[in-house]
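Engineer: Given the coordinates of chain A, work out where chains B and C should sit on it, guided by the hints.
Here are the chains, one letter per residue:
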Amino acid sequence: MNSSPPLLSVQGLEVHFPITSGVLLDRRVGEVRAVDGVDFSVSRGETLGLVGESGCGKSTTGKAILRLVEPTAGSVVFDGVDVVGASGRGLRSLRRRMQMIFQDPYSSLDPRQSVSSILAEPLRTHGLADGRSAIEAEVRRLLDAVGLPASAGGRYPHEFSGGQRQRIGIARALASQPDLIVADEPVSALDVSIQAQVVNLLEELQKEFGLTYLVVAHDLAVVRHMSDRVAVMYLGRLVEVAPSDALYARPLHPYTIALLSAIPIPDPVLEDRRSRILLSGDLPSPAAPPPGCRFHTRCPFRQATRCHDEVPALRALHEGHTVACHYAEEIEAGSILAG
Amino acid sequence: MSLAAAEAAALVVEEGGSLRRDAWQRLRRNPSAIMGAALIVVFVAVAVLAPVLAPYSPRAADLSGIRPGFVPGPSAAHWLGLDQQGRDELSRILYGARYSLLIGVVSLGLGASVGMLLGALAGAFGGWVDNLLMRLMDVMLAIPGLLFAIAVAAVLGRKLSSVMIAIAVVNVPIFARLLRSSMLSQRESDYVVAARSIGVSRWRIVVNHILPNAVAPVIVQATLALATAIIDAAGLAFLGLGSADPGTPEWGRMLAETQRYLQSSPQLAIFPGLAIVLSVVGFNLLGEALREALDPKLRR
Amino acid sequence: MTVSAAPLLEVSDLRVVFRRRGRADVVAVDGVSLTVEASSTVGIVGESGCGKSVTSLAVLGLLPRRGVEVTGSVRFRGEELLGRSESALAAIRGRELAMVFQDPMTSLNPVLTIGRQITEVLERHKSLAGADARAEAARLLSAVGISDGVRRLRQYPHQLSGGMRQRVMIAIALACQPVMLIADEPTTALDVTIQAQILELLRRLVIDSSSALVLITHDLGVIAGTAEVVHVMYAGRIVESASRRELFARPRHPYTAGLLASVPRLDQPRSDALHPIAGSPRDTLPWSSGCAFAPRCPRRLAECTDGAPALVADGFGHELRCINPVPVEVASP
Numbered sequence: 005m006n007s008s009p010p011l012l013s014v015q016g017l018e019v020h021f022p023i024t025s026g027v028l029l030d031r032r033v034g035e036v037r038a039v040d041g042v043d044f045s046v047s048r049g050e051t052l053g054l055v056g057e058s059g060c061g062k063s064t065t066g067k068a069i070l071r072l073v074e075p076t077a078g079s080v081v082f083d084g085v086d087v088v089g090a091s092g093r094g095l096r097s098l099r100r101r102m103q104m105i106f107q108d109p110y111s112s113l114d115p116r117q118s119v120s121s122i123l124a125e126p127l128r129t130h131g132l133a134d135g136r137s138a139i140e141a142e143v144r145r146l147l148d149a150v151g152l153p154a155s156a157g158g159r160y161p162h163e164f165s166g167g168q169r170q171r172i173g174i175a176r177a178l179a180s181q182p183d184l185i186v187a188d189e190p191v192s193a194l195d196v197s198i199q200a201q202v203v204n205l206l207e208e209l210q211k212e213f214g215l216t217y218l219v220v221a222h223d224l225a226v227v228r229h230m231s232d233r234v235a236v237m238y239l240g241r242l243v244e245v246a247p248s249d250a251l252y253a254r255p256l257h258p259y260t261i262a263l264l265s266a267i268p269i270p271d272p273v274l275e276d277r278r279s280r281i282l283l284s285g286d287l288p289s290p291a292a293p294p295p296g297c298r299f300h301t302r303c304p305f306r307q308a309t310r311c312h313d314e315v316p317a318l319r320a321l322h323e324g325h326t327v328a329c330h331y332a333e334e335i336e337a338g339s340i341l342a343g
Numbered sequence: 017m018s019l020a021a022a023e024a025a026a027l028v029v030e031e032g033g034s035l036r037r038d039a040w041q042r043l044r045r046n047p048s049a050i051m052g053a054a055l056i057v058v059f060v061a062v063a064v065l066a067p068v069l070a071p072y073s074p075r076a077a078d079l080s081g082i083r084p085g086f087v088p089g090p091s092a093a094h095w096l097g098l099d100q101q102g103r104d105e106l107s108r109i110l111y112g113a114r115y116s117l118l119i120g121v122v123s124l125g126l127g128a129s130v131g132m133l134l135g136a137l138a139g140a141f142g143g144w145v146d147n148l149l150m151r152l153m154d155v156m157l158a159i160p161g162l163l164f165a166i167a168v169a170a171v172l173g174r175k176l177s178s179v180m181i182a183i184a185v186v187n188v189p190i191f192a193r194l195l196r197s198s199m200l201s202q203r204e205s206d207y208v209v210a211a212r213s214i215g216v217s218r219w220r221i222v223v224n225h226i227l228p229n230a231v232a233p234v235i236v237q238a239t240l241a242l243a244t245a246i247i248d249a250a251g252l253a254f255l256g257l258g259s260a261d262p263g264t265p266e267w268g269r270m271l272a273e274t275q276r277y278l279q280s281s282p283q284l285a286i287f288p289g290l291a292i293v294l295s296v297v298g299f300n301l302l303g304e305a306l307r308e309a310l311d312p313k314l315r316r
Numbered sequence: 002m003t004v005s006a007a008p009l010l011e012v013s014d015l016r017v018v019f020r021r022r023g024r025a026d027v028v029a030v031d032g033v034s035l036t037v038e039a040s041s042t043v044g045i046v047g048e049s050g051c052g053k054s055v056t057s058l059a060v061l062g063l064l065p066r067r068g069v070e071v072t073g074s075v076r077f078r079g080e081e082l083l084g085r086s087e088s089a090l091a092a093i094r095g096r097e098l099a100m101v102f103q104d105p106m107t108s109l110n111p112v113l114t115i116g117r118q119i120t121e122v123l124e125r126h127k128s129l130a131g132a133d134a135r136a137e138a139a140r141l142l143s144a145v146g147i148s149d150g151v152r153r154l155r156q157y158p159h160q161l162s163g164g165m166r167q168r169v170m171i172a173i174a175l176a177c178q179p180v181m182l183i184a185d186e187p188t189t190a191l192d193v194t195i196q197a198q199i200l201e202l203l204r205r206l207v208i209d210s211s212s213a214l215v216l217i218t219h220d221l222g223v224i225a226g227t228a229e230v231v232h233v234m235y236a237g238r239i240v241e242s243a244s245r246r247e248l249f250a251r252p253r254h255p256y257t258a259g260l261l262a263s264v265p266r267l268d269q270p271r272s273d274a275l276h277p278i279a280g281s282p283r284d285t286l287p288w289s290s291g292c293a294f295a296p297r298c299p300r301r302l303a304e305c306t307d308g309a310p311a312l313v314a315d316g317f318g319h320e321l322r323c324i325n326p327v328p329v330e331v332a333s334p
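Chains A, B and C supply the protein sequences, listed in that same order. Residue 68 in my numbering is what sits at position 64 of the first sequence, and the numbering runs on without skipping anything. Residue 293 in my numbering is what sits at position 277 of the second sequence, and the numbering runs on without skipping anything. Residue 304 in my numbering is what sits at position 303 of the third sequence, and the numbering runs on without skipping anything.
If you're looking for bench data, these hints aren't it; they were derived computationally from the structure. Cβ atoms here follow ideal geometry from the backbone N, Cα and C, with glycine treated the same way. Heads up, a few of these hints could be off.
Claimed, not checked - Here are a few chain C residues that face chain A, going by a calculated C-beta distance under 7 Å:
{"no.": "1", "residue": "Gly164"}
{"no.": "2", "residue": "Ala225"}
{"no.": "3", "residue": "Gly226"}
{"no.": "4", "residue": "Asp268"}
{"no.": "5", "residue": "Pro282"}
{"no.": "6", "residue": "Arg283"}
Excised from the complex, chain A in its bound form (with noise of 0.2 Å):
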């Protein structure tokens, strides 16, 4: 484990939105609670994943994290540096150093700029190159960096493949030289093709250039190639966060559990053979989440004491390896069995 101070440390973030009413004026009558309470810390260079299903606030998070969206509680620090009550220049500052690469390719660029001009955007706005000179020379760098050639600046993205596309904002995250990068869903709008070839750009630049990332997706196969750390979320709330290979070899909460048997594998034998642990109803509502532990109306593992009633903290089971669950240990040793 790594002794240095984490790079990204996120304590207690909430992100509630509120719900309104009202013809002339609005009236708040209840919130959609996104982010309920979520607390983790990303090291220099490390890769970590937030997993979970739609709803569960994991998008949110990162936007949050950047300021994209207003946290309503809880903390935010990058590199020392409190994020949440940041403002004018050193927010500017911060955003240098904090970027994001969007889901959609087809949405997250201009379409009536030029690639070169979607490239020196965050050059001028930072001042990291002046002149037209500097500022093309640099463009070419950065198109070179994602695999894509030079005339590739002056065409529109209309012009390109989705995974084009993605490179290119790859490179738009890529200008301002950032410490972290927030993927949101880097590659589930791409065929399944060039998925790879993405995945496989974004770890080379990884190395390239030092890049810490949180990867934030719903493709628990993806996050785990890419991910050393694995954070579950559900309802605005982490489940169980553990390192990569351990999450998948030995998940501990019952909905990490019910998620990975739930994920097809491309092998009809192991699919025959698998027993599915087949969640029962739909996701409960942001806006009013189960009391007590939030996966309890669902969880085939449900106790009838502290369930209902008990939040569950997250809390280490092993060595880098924590879980919110109030059973996990037995769920652990096969002492209780899916209901």
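Structural biologist: Leaving out everything else, chains B and C in the frame of chain A:
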């Protein structure tokens, strides 16, 4: 980098160039666009060159050929015949284009500019500014255009400028709301979020990213609104709200003055009516074609 | 592939061309032939643009009439479907041949209640009406795992979650016990735990009703758990067909092999780097010039650009469209 080589080989360019060029290509291929553009070109040319093209002065009256119930129709000397005051119909139609074009362009230009400015402010600032401006626009929209035009004419007198002001004011809320809603929908786009994540200042985001992408539906609306403005001007003149000068060769006015000749000399109403229809159709065709050409969903 | 009775669906040399004014034609489907036996499960797998969805739409006659040219033959229960009138097709659709689409939000009418949308099908094909239709609709909802059916009937699509909407779509599709169900990316828009539920539901229902299922997807994992026979499509043609186990154990077409090799797998140790297929789906040759996959193929030979390879049986249980496929010894695990 072998990967780069593969990517370079993969750079299949279907349509080169910016979106503007892409839209232009689509426009060029569209028959309605060509027809519309042709009609507009004729309209503008006639308006500009009327003094050169018109064989006679539009106000020169020759009453010698006029008898009660009879107005001379088309002849070799007067291609469209004479009107009820003995004036050359063709010259009046040609000069009428000037008035229509003038009113249309000026009133629309004024209304659209003011409207777009207000809409841009509302869209850029949001919050109470947006709220205030939109409530103001709601009030303006609630006033019937015709009543407003009559009120303006009552206050400022029966002049061409009254008509122009009335039409301009009617257009302000339309363009304000259009630009504002277009900006709002662009604001939710990922690329705007991306610009924020880079640290681009809010002002620059509005000017460099949101406005250029929000402008397309406004261009379409402007073209269509020009058609409406011409009809509105003609309509107001028909109702007597336009210029007080009886000799004005304005199409709408000509329609009003020739109502009682419909049985005996219908051509006096048909010619100005046709002129209005053709010019309006031209703008409509082009406007619809522009809408298609600029529609991002039809791309690729 | 043994054929006992006549196949339920026989597609022969299906070709779909989209004609665009002022631009080049797009050949979405370029000579696809396949059969579906009664009560079997067939999977069609491929990436975006390979023509798998267009194939299913062509089979059901759901492509627009103008600007689209459909040639070839589609025989369902011995009768030719291509070129039939809309009313003739409408009589078959829903009753004998049903389809489930990818996005239940756009395939369900947002302004009609769930109940109305189900009873609509029952009224059309089974002449049920009123209370009888509603009772049957409620029964269908419980068959697809939606509890409290009577209350749900009165709800609108936006009040249901994605998984429930997809169940409703399946209920509508199965309302008249069709002999064949085509499911086009039925779980792509859903979360993985919901996907598992829906796939399990589809599997069970198909077994219970003995209907045939054609599952179209880009997800190899989904196919691995569901289909009996798998067809792999690329650039509008089938490039490999095999039984499920054969295909995954010994993928022979370089595209299939490349696809399987490029996906990170939970059942295998983490590798240092993934093995992608070079280039992008846009780098294809037209089949008329040669093998469409040649620009990206690691096993490309000079002859590959001489002309399109035909789909031939390889003697190991595969039908392949390749002149230099992965050898059997190497492909085996």
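Engineer: Each hint should be assessed against the structure and marked as holding or not.
Structural biologist: Consistency of the hints with the structure:
The criterion of a C-beta within 7 Å of any C-beta in chain A is met by Gly164/C, whose closest approach is roughly 6 Å, and the hint holds. A least Cβ separation of about 5 Å between Ala225/C and chain A falls short of the 7 Å threshold, and the interface hint therefore holds. Annotation: interface hint on Gly226/C holds; nearest CB of chain A at approximately 4 Å, less than 7 Å. The restraint placing Asp268/C at the interface with chain A holds, with a minimum CB-CB distance near 5 Å, inside the 7 Å limit.
The interface hint given for Pro282/C holds, since its Cβ lies 6 Å from the closest Cβ of chain A, which is under the 7 Å cut-off. Interface restraint check: Arg283/C against chain A, minimum CB-CB distance 5 Å, threshold 7 Å, status holds.
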